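Colleague: Residue strings, one per chain:
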Amino acid sequence: MARTGFTRRRLLAGALGAAALAPLAACGGAGSGAPNRLRVAFAAGGSKETLDPALVSLFVDQARSKALFDTLVAYAADTSLRPRLAESWESDATGSRWRIRLRQASFHDGRQVTADDVLYSLRRVADPALASSSRQYFAKVDFGASKAVSPTELVLVLTAPDFEFPAGLGAPGTEIVPAGTTSFTAPVGSGPFRFVSFTPGGPALFRKWDSYWEGAPELAELEFVPVDNETARVNALLSGQVDYAHDLAAGTAARLASESEVWLLEAGLTTMQGMALRLSQPPFTDPRLVSAVLSGVDREALNKVALAGRGELGNDLFGKGLRGYAADIPQRARDVDRARALVREAGAEGLAFAVETSDVDPCFATAATLISQQLKEIGLTATPNTRAASTYFTETRTKGVAALTRTATLPVATFLNQRFRTGGSNNVTGFASAEFDALMDRAAATGDETARLGLLGQAQRIVHDRGGLLAWGFSTWTIAASKRVSGLVTAPPNTFDWARFDRVRLS
Amino acid sequence: MRGYPVRRLGFAVVQAAVVLVASFGLTALLPGDAASVVLNDQATPEQIAIARHQLGLDQPLPDRFGHWLAGLCSGDLGRSLVTGAPVADELGRRLAATALLAGLTVVLLVPLALLTGLVSGLREGSRADRVLTAVTVVLHAVPEFVLGLVLLALFAVHTGLLPATAAGMRGPDLLSRPEVLVLPVTVLVARQLCDLARQVRIGVAEQTGGEVAEHLRLLGLRERTVVLRHVLPGAVAPAVQQLARAVEGLLTGAVIVESLFAVTGLGTGFVEAVQNRDIPQVQGYVLVFAGVVVLGNLAADLVAHRLTPGRERVAW
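Chain order of the listed sequences is A and B.
FYI, full-length UniProt numbering numbers position 458 of the first sequence as 458, with every residue one higher than the one before it.
FYI, full-length UniProt numbering numbers position 166 of the second sequence as 166, with every residue one higher than the one before it.
These are calculated hints, taken from the structure and not from any lab test.
Bear in mind that the values here come from a model prediction, so they are computed numbers and not experimental data.
Among the clues, some could well be false.
Partner residues aside, some chain A positions facing chain B, computed with beta carbon under 7 Å [stated by the list, open to error]:
1. P203
2. R207
3. A232
4. S239
5. A354
6. T381
Just so it is clear, CB atoms sit at the ideal spot from N, CA and C, and this is done for glycine as well.
Next comes chain A alone, as it looks inside the complex (with noise of 0.2 Å):
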């Protein structure tokens, strides 16, 4: 009898319980969205989010720039230039002055691009209060006496030779806006996507600009969705929510070769994996330690595990396969023997100090791990210490003595300015060479392609040598898309061909 009652109540509340789910599983399946459009899925920066192009710090602000802006010249995947909004470039023999020649091309609004845009844009980047990253490529420029020659031509003074200036040109940050912008909420641009919604951390919706001076994107509208998560972007792409899923780690790679509807973007030798030791500093103000720790730790096994096979061995040098790269330094290999004599030479057996390290890169924690245990069969006690992700860079640019680093592709040139010049923006080993100063002053004096680039390769050797960075690896960026998208090139970020989406089609 009792229990009569009590299936009818369950009976009841059951029906009840399904009948709410009801409406919710009967509206199920993926939707893709309006038709040509292209929503990619990428890590974002949340809140601090802006479009203004100036200020790009992450990938994400890197590739909404590209769509809605132009820069005047861009890189190639070897950082060779390529011509955009200048249409041809030229110096004087001293290459202290520069010719810039604009091609016909207009902003969103109809306005022409004229050489005051230029000149307004480039100033905004150079002012320090505006605190932009690629300030320090116009650090050289009197603005004073630059000037429009003509509205498609203007002439940048420079206070001293630079024969790579205008690699300056295409650096992220460096795209041109209408002269006398200083609000970005709904901004105007000559790249082939116009604006039409943004919302910080949230997602960004552009439509094609029919009148793009490189002719009309094959897409309708392109939306950046912030995804970041790197399981939920994989999940978003295979499940048919985004076409293009950014920035995937190796094992995610792996596993997603099989997949039938899925391309794999894999760019190689995108971004140097290494480590920085702090020379102004003690133990590694002693030269014999540095040598040591540099012979001592095993490039091989770094890149096997660390980077699961998929990366390549690095020679202590940035920019393998760029153009200027040095690559007939003869590699180095591991030496215990000569490593564990230095450190006993310089009286260091047993030396301990921390190895920073951070989650920020998914390959830095196996690497600090890895090296810590290599360097202590040579005799030295490296533990690692692990920071906060959000703080790494800037609080490793003043802490510790040794700090794992990762740089993605520039320029050579600009690399070993900003890295190694006493004194330079990202110094952080606090390297001093009057030799190698004098070198790449001379390099950037040096207007012959061939010369000036045989003076960077002998740059490169006294930094190989003495610059306190030990370069293990390269690693691969991964990228993936549905199969319905076509006309998306591999290559590395910072280039031209990365996250570039006017050429893309979808079926």
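Dock chain B against chain A, hints included.
Modeller: Structure of chain B alone, referenced to chain A:
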């Protein structure tokens, strides 16, 4: 009778105050600050120092807390150090999605837990009881991200029955596309069901086998009346307190579930604020979280007190 609610309320205020002071101090203790996060890693130490001054980060910590507290008293949560926008704006934007997730979860969780607990408790040791116990315990033992991944693989990635993420959607969009909520809510319900159902089950078993129920049955009351009038109210009291704890679980679960399903809610926002060392924004989130937890427990204790007077000491 009035003494208990007043004392309990006073305790809740103290709890909230301790949490707010602790979160302010702990966020300040983290390495790095908002100035170094706002600027990129190319910034010079001088630029960082200027930014630090502009953001007021060079003032002593107690002063900064004092300012923040003074603002709070006048209803001003302050401005984000990173975006400069009012903290309340960002909270409001994100609250909708999380409230929707948590609200739907509670709406489904309560009847489901009552039903499961009742079935199990009335027929303790039966096959139904054993099956339900096994299922809920297993669901509870599986962490949110694992269950989420399994469900995603089954229902989104391979079969395409349900969307895999809420990528690109804001709170209001979720209401117009409720199908994106099915998987996240399922994960949250599955995780919380066990504790609540177990609590109901114990209470029901205790009450139904107790002397009072036996007496009522001997008086000739129908079983249905015994269960509805006596067994259920007695079993619900401890379960109400468990429900308050489940709400805490929902907030922590939201951090994982929101990340996995790309929901722009409080959980992911909180993580972002901590990563940005954005203390006013962190405090805003803590205020909401602490408020929900403290008020939830307060309400639960008061309800439990009302249902079973004399058990107040157990509450805290």
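Colleague: Now look at each hint and say whether the structure bears it out.
Modeller: Status of the hints after comparison with the structure:
no.: 1; hint: P203; in the structure: holds, 4 Å
no.: 2; hint: R207; in the structure: violated, 16 Å
no.: 3; hint: A232; in the structure: holds, 5 Å
no.: 4; hint: S239; in the structure: holds, 4 Å
no.: 5; hint: A354; in the structure: violated, 13 Å
no.: 6; hint: T381; in the structure: violated, 23 Å
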